[in-house]
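Model the full structure from these sequences, guided by the hints.
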Amino acid sequence: MFKYVLLVIFLIALIEMASADFSCYFSDSICKSITCRNCKVATCITGDCVCTLC
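Read in order, the letters of the sequence shown are residues -20 to -1, 1 to 34 in mature numbering (1 follows the signal peptide of the UniProt record, and there is no 0).
Mixed in with the good hints there might be a few duds.
[To be verified] Here are the in silico distance ranges between beta carbons for each label pair:
id, residue 1, residue 2, range
1, PHE(-19), LEU33, 36 to 42 Å
2, VAL21, MET(-20), 46 to 52 Å
3, LEU(-15), SER7, 22 to 28 Å
4, LEU(-10), ASN18, 35 to 41 Å
5, ASP8, LEU(-14), 26 to 32 Å
6, ILE14, LYS(-18), 33 to 39 Å
7, THR32, SER7, 32 to 38 Å
8, CYS34, MET(-20), 29 to 35 Å
9, LEU(-15), ILE25, 27 to 33 Å
10, PHE(-11), ILE25, 42 to 48 Å
11, ILE(-12), ASP28, 48 to 54 Å
12, CYS34, LYS(-18), 46 to 52 Å
13, LEU(-15), GLY27, 21 to 27 Å
14, TYR(-17), LYS20, 47 to 53 Å
Just so you know, the hints here were simulated from the structure itself, not pulled from any lab data.
Source: prediction; values computed, not measured.
Cβ coordinates follow ideal geometry from the N, Cα and C atoms, glycine included.
Pasting the structure below:
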């Protein structure tokens, strides 16, 4: 039973990682430094990296 619950939790985490924007999955720093390199304002809103003032 424990293995089944662990497998379900792992699958849910995998689906969330695949469906979310990768640059916002871990922190805003990847969004700011890589995705929005030349922009003054970069932030993650609902899992999407948003770049403004580029």
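Practice item. Would you pick out the hints that fail for this structure and give their numbers low to high? Key: 1, 7, 8, 10, 11
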